[in-house]
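Asker: From just these sequences and the hints, can you work out the full model?
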Amino acid sequence: MATVTPETPLSEIHGIPPRFLLKLKRLGIETVGELLRHFPTRYEDFSQIYKITDLIPGQEATVQGEIKDISGRRTWRRHLFLVEAVISDDSGSIRAVWFNQPYIRNVLQPGRLASFAGKVSASKDGELYLSNPTYELIKHGLTRNDEQIDADDISENLRENLRESVSPIHTGRIVPVYPETRGLTSKGIRYLIKPLLDEVRAEEPIPDAILRREGFPEINAALHNVHFPNDIADALAAKKRFAFEDLFFLQLRNLRERLRLAKEHAPVIATDIPHVKKLIAELPFTLTFSQKAALWEILQNLAKPHPMNRLLQGDVGSGKTVVAAIAAIEAARAGYQTAFMAPTEILARQHYQTLLKLFGEFPAKGESPLDGRAGASGGEGGVALLTGSEARVSYGRGLQTEMKKTELQKAIAGGRVAIAIGTHALIQKTVTFPALAFIVVDEQHRFGVKQRAALIARHDDHNYDYDRKTPSLSSSLSSSSFIPHFLSMSATPIPRTLSLTVFGDLDLSLITELPKDRKPIITKVVAPEHRAKAYQFIREQVHKGRQVFVICPRIERTTNDQQLTTYALRTLEMKNVTEEYEKLSKKIFPDLRVAMLHGRMLTKNKSATGGKPTKEKVMRDFADGKIDILVSTSVVEVGVDVQNASIMMIESAERFGLAQLYQFRGRVGRGAHQSFCFLFTEATGKAAQQRLKSIVEAKNGFELAEKDLKIRGPGEFLGETQSGMPDLAMKAIQNPELVKRARDAAVEILEPDPALKNYPTLSARLAAFEARVHWE
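Residue numbers (our numbering): 3 to 778.
Don't read these hints as lab results, they were simulated from the structure.
All C-beta atoms, glycine included, are put in the ideal place defined by N, C-alpha and C.
It is possible that part of the hints are untrue.
Below, a list of computed lysine to aspartate or glutamate pairs in the DMTMM-like style, where the Cα atoms sit at most 25 Å apart [to be verified]: (1) LYS701 / GLU515; (2) LYS306 / ASP507; (3) LYS695 / GLU409; (4) LYS709 / GLU284; (5) LYS589 / GLU684; (6) LYS241 / ASP91; (7) LYS241 / GLU750.
Quick list of simulated restraints, FRET-style, between CB atoms [unchecked claim]: (8) ALA305 / LYS431: 29 to 35 Å; (9) GLU750 / ALA305: 54 to 60 Å; (10) ASP200 / SER636: 43 to 49 Å.
Answerer: Written out as structure tokens, the structure reads:
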């Protein structure tokens, strides 16, 4: 057999059947290395072996003895197959009970010695028994692992590797418990990992000097200790080592990205300070100090010959869009194009309308800040909207022209559009920007790095005559293609620790103030007994002309709900949009105009809708005041700005993270009227109540984000199922001291050797890490 390495596909490991490989694939495991890095989530301490007479109810214990008797029968009431065994040692006897595992009768035969680990329970009459214990057979005083796992999921060939193991793996030790999937238990995973640990030698990616300074075990010892530790201390030390490794890779990636961008060329967009001051003075409101500071940071970056890579953070309603818009207008003034990408059509349209509202009344030619000099005909430089369902352009004075997508794509390619606002439609292969110098992406975490790269790829300066059309550009462009400046915007307050790790490759600009005329939103936690009173208050507000958002987590119940896990069944307590809409429109507010909005609705009218309302129509009607109450999923978390909406009502509020609740609340309070946020909950637990109290008392989103990081972890901000971030790294991000040590180590390695030429193993592991993690 060929040498087994971490890169060896599990399909090449003798004895693992195809259906077992499919189960592993569900966990994202296809290679030996991925399996060995499938770390336990917790451990069960079965290391203490007890005499049967010393057992007490509720105890987690290991006993060893002879199997005296074993039998199986089907229960009368629930028709479950019950296997019972009697185990004896020199102190006494105890029963062991298993449900729906009939094959155990063929493994645990009378007269054989075995080790059993599990919880000690007591029957109604006080008799002790072991409930569903893990077991291992013993031969000649050694633990023997030849029992069946799940039917015949593990072949005899694989079990043969463990047949004469000198140490137990399921009992009589610290036993690892892993993330599982249907048909693949922790026991099965232990069977797979143990022989591979003994056979595979992994190369150490962390440089020796750092490893010694940190006092971490080398990688192979750490792998043994994380899976089969001698004690809990060994397991924790190994986990800390791997957490450090992941943080180290994160920091290396971020620092290398900074170094890479520092060597790239970007167009120099010199700031015309009088022009910027004029733009700001013409605004119908006064920019806050934070907005001005953020704008200045961005303009300074645009004036440099290297690509900007900046994250603009600010609460909902803090004025990020106007800051980005002024920067985009400066790029247009200098003769360049801007691509402004939003995650939803609703948000893209909102940005488009905001830009025209704030700056679109300037003269269409000559003086217009939107004209720029990017155009190929007459100096035109329009503002365009391009989404999956809409294409339109404005060349000033508030006049808009709706056109075919192909026509707008030609206008962009011909340089007749200075600022293109859109969704994923901007990254289609049919869209090219001849002078793209500035990219703005709203809600960056909703786009992957591939999508952003695709947007950059839409830049094509090879077919654009800079000398004839925009002479000022030719001097600032090298012969090779340049990289546009990049600005990400997010209303999700990101804790400082996350900013230094996951987003460490980005410079950070913060808008920490809301407009001074903004009234604080009054927030209340509403218990079930006060629901009727809240409904009455809402009715009164609607009669005064106000509008209401109602947020529910789920869309509809499915026919498979009867088979869901306990956790999934608990989620059914959440109000779903369909039921809530029916209740509010027919029972609570039959006299008011109630509508429904969720992500499964079509965006724009199509023949297939059969007359059903679309997201576009519902949102337009709500914005126009034709709807009093909008029942919605979290689709309103981003991109809905209705000035007259003054009440946010959130059902099952305890089910949302603090950051998301804060986002919802920010959807109201945009107008002149006092706004309210009602957090409806049936949760009575202290922890849930304390979390909701945090929302009521929160002064700003950043303060709340730090609390949410401690309560729910980084997944609330990154999306655990999408980020690809290793679990240990997700937890370690909350350890600032470990983060700093990892960053210091990364700086120490990269400063003298940016290409990692002296560290080939580290370079290879870093590449694998970057491929696994989704940089969003």
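Asker: Going through the numbered hints above, which ones does this structure break? Give me the numbers in ascending order.
Answerer: 3, 4, 6, 9
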